[in-house]
Every structure is written in C-alpha cells, then in structure tokens.
Amino acid sequence: MIATWAQIGYLVSAVCFIVALKALSSPRTARTGNLLGAAGAVLAVLITFVAYKPDHLVPILIALAIGAVGGVIGSRRVQMTHMPQLVALFNGVGGGAASLVALMELGEVHSGQTVAAIATAFTIVVGAISFSGSIVTFAKLQELMTTRPVTFPGLPVLFVAGILGGIALSGWLVSDPRVWVGVLLCLVGLGVGVMLVLPVGGADVPIVISLLNAFTGLTVAAGGYVLGNTLLLVAGTLVGAAGALLTKLMADAMGRSVFNILFGAVRGGSTLGAGTVSERPVISGGAQDVAILLAYAQRVIIVPGYGLAVAQAQHTLRELVEELQGRGVKVDYAIHPVAGRMPGHMNVLLAEAQVPYDQLREMDEINGDFKVTDVVLVVGANDVVNPAARTTPSAPIYGMPILNADEAQRVIFLKRSMRPGFAGIENELLYDPRTTLLFGDARDSLTKLLAAVKTV
Amino acid sequence: MTESIALLTIFVLAAFVGVEVISKVSSTLHTPLMSGANAIHGVILVGAIIVTGQADSALVVIVGLLAVVLATVNMVGGFVVTDRMLEMFRGPAARKKELHK
Numbered sequence: 001m002i003a004t005w006a007q008i009g010y011l012v013s014a015v016c017f018i019v020a021l022k023a024l025s026s027p028r029t030a031r032t033g034n035l036l037g038a039a040g041a042v043l044a045v046l047i048t049f050v051a052y053k054p055d056h057l058v059p060i061l062i063a064l065a066i067g068a069v070g071g072v073i074g075s076r077r078v079q080m081t082h083m084p085q086l087v088a089l090f091n092g093v094g095g096g097a098a099s100l101v102a103l104m105e106l107g108e109v110h111s112g113q114t115v116a117a118i119a120t121a122f123t124i125v126v127g128a129i130s131f132s133g134s135i136v137t138f139a140k141l142q143e144l145m146t147t148r149p150v151t152f153p154g155l156p157v158l159f160v161a162g163i164l165g166g167i168a169l170s171g172w173l174v175s176d177p178r179v180w181v182g183v184l185l186c187l188v189g190l191g192v193g194v195m196l197v198l199p200v201g202g203a204d205v206p207i208v209i210s211l212l213n214a215f216t217g218l219t220v221a222a223g224g225y226v227l228g229n230t231l232l233l234v235a236g237t238l239v240g241a242a243g244a245l246l247t248k249l250m251a252d253a254m255g256r257s258v259f260n261i262l263f264g265a266v267r268g269g270s271t272l273g274a275g276t277v278s279e280r281p282v283i284s285g286g287a288q289d290v291a292i293l294l295a296y297a298q299r300v301i302i303v304p305g306y307g308l309a310v311a312q313a314q315h316t317l318r319e320l321v322e323e324l325q326g327r328g329v330k331v332d333y334a335i336h337p338v339a340g341r342m343p344g345h346m347n348v349l350l351a352e353a354q355v356p357y358d359q360l361r362e363m364d365e366i367n368g369d370f371k372v373t374d375v376v377l378v379v380g381a382n383d384v385v386n387p388a389a390r391t392t393p394s395a396p397i398y399g400m401p402i403l404n405a406d407e408a409q410r411v412i413f414l415k416r417s418m419r420p421g422f423a424g425i426e427n428e429l430l431y432d433p434r435t436t437l438l439f440g441d442a443r444d445s446l447t448k449l450l451a452a453v454k455t456v
Numbered sequence: 001m002t003e004s005i006a007l008l009t010i011f012v013l014a015a016f017v018g019v020e021v022i023s024k025v026s027s028t029l030h031t032p033l034m035s036g037a038n039a040i041h042g043v044i045l046v047g048a049i050i051v052t053g054q055a056d057s058a059l060v061v062i063v064g065l066l067a068v069v070l071a072t073v074n075m076v077g078g079f080v081v082t083d084r085m086l087e088m089f090r091g092p093a094a095r096k097k098e099l100h101k
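Sequence lines, in order, name chains Y and P.
Taken in order, the first sequence gives residues 1 to 456; the numbers are from my numbering.
Taken in order, the second sequence gives residues 1 to 101; the numbers are from my numbering.
No lab work stands behind these hints, which were simulated from the structure alone.
What you are looking at is a predicted structure, and each value in this text was computed from that prediction instead of being measured.
Each residue gets a CB set at the ideal place from its N, CA and C atoms; glycine is no exception.
Just so you know, not all the hints are guaranteed correct.
[Claimed, not checked] Residues from chain Y shown here face chain P by an in silico Cβ test under 7 Å; the list is partial: (1) 39; (2) 41; (3) 43; (4) 74; (5) 105; (6) 118; (7) 232; (8) 234; (9) 348.
[As the list claims (entries may be wrong)] As a list, the in silico BS3-like pairs of lysine-lysine whose alpha-carbon atoms are at most 27 Å apart: (10) 248(Y) <-> 330(Y); (11) 371(Y) <-> 330(Y); (12) 53(Y) <-> 24(P); (13) 454(Y) <-> 24(P); (14) 448(Y) <-> 248(Y); (15) 248(Y) <-> 22(Y).
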C-alpha cells in the first residue's frame, strides 16, 4: 500500500480526467478541459515516481522521453483527414502497453488469488486484441490494405476457435499462473484481434476504433485492479464506459447494431453493394449554371462529405459560403453524424477551415428545413443523402437516418465521377430530374463556382 | 476481501460516471471525445512504471520499458492531438479577437 498523500494525489488526477471528459460537452470549455486532463496525467506520473520509488530510474526516464517525443511528433504532423487512423494507432499502443504490464505482473500473481488472476488474464488477452485490431484498423484507414471486408472460408471457425482457446488458456492461467501460458494467451489475443477487424468494411471501421478504445479502457481498469491502483481503475473504467456508450451512439447514427457491423460480412451478405455503375442518363452542368442556381437562391444548405476533405477544399467552400451570404443568401451546413471517416470528423475538418461551429447544423435540427430549401449543394458526400436508406430494404445502409436532401427544390452534386460512395451503392437522387451534377475534383469545382458566383 | 469490494465499488461507480458524462457530449465533438478518452487510458503508463520499477530480471525490464514507451506515446500523443483538434473549435468571440489583433 502506498502513502495516503499519494492516494489523495491519484484521486485529484482522477477528478481531472472526469472534468476533462465533462468539459467536452461544449466547444467553449473543451480545450481547457483537455489541458486539465493532461495536467492530471502529469500529476499521476510524478506521484508514481515519488511514491513507488521505482528501480531502473534512468532507463524508465529515457523510455518516457522516447515515447513523449514520438507521441508529440506523430500528433503534430498528422493531417486532420488522417485523424481516425492516428486515434486507432494510439489506442493500439495503449492496449499493447496494458497487455505487457499484465504479462509482467503475472510473476507476482500466485495461485489462490482468483480474482486478480482473472483480471490479469483479461488484461493480457483483451489488450492484445485491442493492439492487433487497432493495427489492422490503422492499415485499412491508411489504405495500406483493402478497405473492403476481408473474409476467407475458415474465418468463422478459426475465430470461434480463437475465442474458445482464449477462454481455456485464461482458465489455465487462473488455476496456475505461469508466464508462458500468459505469453500464449497474448498470442491468441493478437490473432483474435486481427480476425475481428478483417471482415469489417472501411465505412464501419470507425465504430471498431471506438469499440477497441472501450476495450483498452477496460484492460486498464483490470490492470488497476491487479495492481491495487485506484487511478488506473477509475480512469480505465471511465474510458471503458464512455467508449461503450459512444460505440452504441455511433451504431445508432448508422441505423445498425454493433453486432451487425462486426459480424455482418462473416454471416454472408456483404456489407458492400455491387459497386456497379449504371448507364442511365444524368443531368450535368457547368460551373456557370450552378453558380446562377446558388446566387439566386434564398436558402441554400451545404452537405459536406469526406470527398471535400480529401480534396482539401474546405477553405474554398467557406469562401463560397461567405460570398453567398454576402449576397443575402441564407446558407447552413448540414452535418450528418457519421460524415467523414469518424463520427464528428467532418466538424473537425470544417473547424480546421475556420467555419464557425455555430453555422454547423446537426441532422435532427436541420432535416425539417430541406422542404423549404431552394438548393442543396452536396460536396463529396453521397451515402448520407441516399434515399435508399429509407426506401430500399436490401441496401446495406437501409435504416440509417439520412439528410433529407431529396426534399429540396434543386440538388447539386459536386462529384468526381459516377462511382458509388464508400458504402458502394447507387444513389437514386443522382438520376432525379431536379438534380444537377458538376463533375470534377471538389477543390477545382468550388474554385470555379466561387469565380462564377462573383460574376453573376 | 474488503479491499476487493472497495475496488469493485469504485469500478461500478466510475462506470456510471463515465456513462453520465459522455451522454451529454454533442456529436460535434465526438472525434475529440474519442481521442481525449484515448489519451486518458494512456494512464496505463503509471502501471508500466510501477511494474518496471519492481522488475528483477533483465528481460522483464526490457518488456517493461517497451510498455513505458508505448503508454507514453498513447498518453502524450493523445492529449496533444486532442488539443490540436479542440483549438480549431473556437467561439465567435475568440475569432473576433484574433481578427482585431
């Protein structure tokens, strides 16, 4: 047992973490909250050095410095479009660290300490799942591998075998805590993590990040139990509970169950559509035509998508919106909760372009307005306005709440090509007589539009 | 046994706090929320330091140092990247101030 002052210090850290999460409920307090969380973390590390007086102090400090430099460089250099993969990567290394800590602690656990042994086994295996699963997630988002679901005939059997093997090894570990059994359990966990994420399609990967985040939280909590460390217990549980809830919120936003997202591809019935392009005619226009539509509208709603971010066109879009507002057009951005590569990702990308967050309207808030809107401008988004989510029960996105762009008077799509979006299904709205398509890279198109609107 | 019960109690209460705190976060901030929560579980660093500091064999020390590096990347990187994201979500007031600078 460590000194009372240290325990109280840990309590202060835990409160910092809680306040940090709570502060995220408003953009105004969020940043201060995050800094407070970081302060809590620094405090916790300082307390640990003083209270536990660890041996190998110099190597530990060097390892700390290496990790800190790596973390700062990685997070400073990353582009905002690549944020989801970075979060996945950070989560993975956290899970890996928890697994290693539990493996090392195994030497201290003796048979008879049943609960501690269970917690240790849990941390080893779930930490390993979180690590390898996150790495696969990273590879998918970074497009180092295909974003399509990957399955092979023996996968379900192998997966179940992995789970059963993990349970058996955990049981063994609880009755007889040996390190080599722990190492074996860790390897099984790594395999299960890979098999868990491989069958998940690119569009669903963010849900997996959130789920694995919750897993890592729980492993940290279990690690805290084993070490008798209340801070790890509280912080890990907080993240575990928060992550689980967030995962559910996201799945709801996509109109799917978490189970369906994880195992949809394995159970047959791919989560991706055929990906074919039909030959039906569409109406495409030039920048000048579209500019006139926009400039003479009273009410315009913009639906930004990932295509916008990839083309780095957020800044041009903001200029276009400012130009339209200058002409007296009422313009709003309609943000679908899962626009981008991660829920809330689009908000980050637009915030980067200095779009004031109070101009961003959430789906539930703006969906009634489409009926009275003259023009909807869809930039690089597709699935979030696809009426198939309401009308076609066979569509992979069926049931997902969408933005009701189809209710507006006119719809303009800025698209690179007729290729279907991330979910791989056709969008009937593209063939609607009220729809005009403007083909091209989003940044080029928006630049032309901006110039054209200025001359109208 | 009483200590186990105490830890279990903390666990259950913390779970409620976690759910309660998150349910109020707007979807606008879901990405920073995920990365902020991510940074917080980097506190496993504390565990990594404790076990490494108690290790006797060279092998365990090496494994422990690896855990320290990984956990630090998680924690430091998580907080820095969350700050970078949140810095962009500035209110109209802060924005105006910057324009006048």
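Taking the closest Cβ pair, is residue 74(Y) under 7 Å from chain P? holds (5 Å)
Under 7 Å, Cβ to Cβ, is where residue 105(Y) needs to be relative to chain P, so tell me if that hint holds or is violated. holds (6 Å)
Does residue 22(Y) sit within 27 Å of residue 248(Y), going by the straight-line distance between their CA atoms? Holds: residue 248(Y) and residue 22(Y) sit about 19 Å apart, inside 27 Å.
Residue 53(Y) and residue 24(P) were given as a pair; does the straight-line alpha-carbon distance stay at or below 27 Å? violated (40 Å)
Closest C-beta approach of residue 232(Y) to chain P relative to 7 Å, hint status: holds (6 Å)
Verify the interface restraint on residue 41(Y): the C-beta must sit less than 7 Å from at least one C-beta of chain P. Cβ of residue 41(Y) sits 6 Å from chain P, so the hint holds.
Is it true that the CA of residue 448(Y) sits at most 27 Å from the CA of residue 248(Y)? violated (41 Å)
Quick one, are residue 371(Y) and residue 330(Y) close enough, alpha carbons at most 27 Å? Given pair residue 371(Y), residue 330(Y) holds - Cα atoms ~14 Å apart, limit 27 Å.
Measuring from the C-beta of residue 118(Y) to each C-beta in chain P, is the shortest one below 7 Å? violated (11 Å)
Is the shortest C-beta separation between residue 43(Y) and chain P less than 7 Å? violated (11 Å)
Restraint check, 7 Å cut-off on beta carbons, for residue 348(Y) near chain P: holds (5 Å)
Status of the hint placing residue 39(Y) at chain P (closest C-beta pair under 7 Å): With Cβ-Cβ at 10 Å, over 7 Å, it is violated.
Hint check: violations occur at hints 1, 3, 6, 10, 12, 13, 14; the rest are consistent with the structure.
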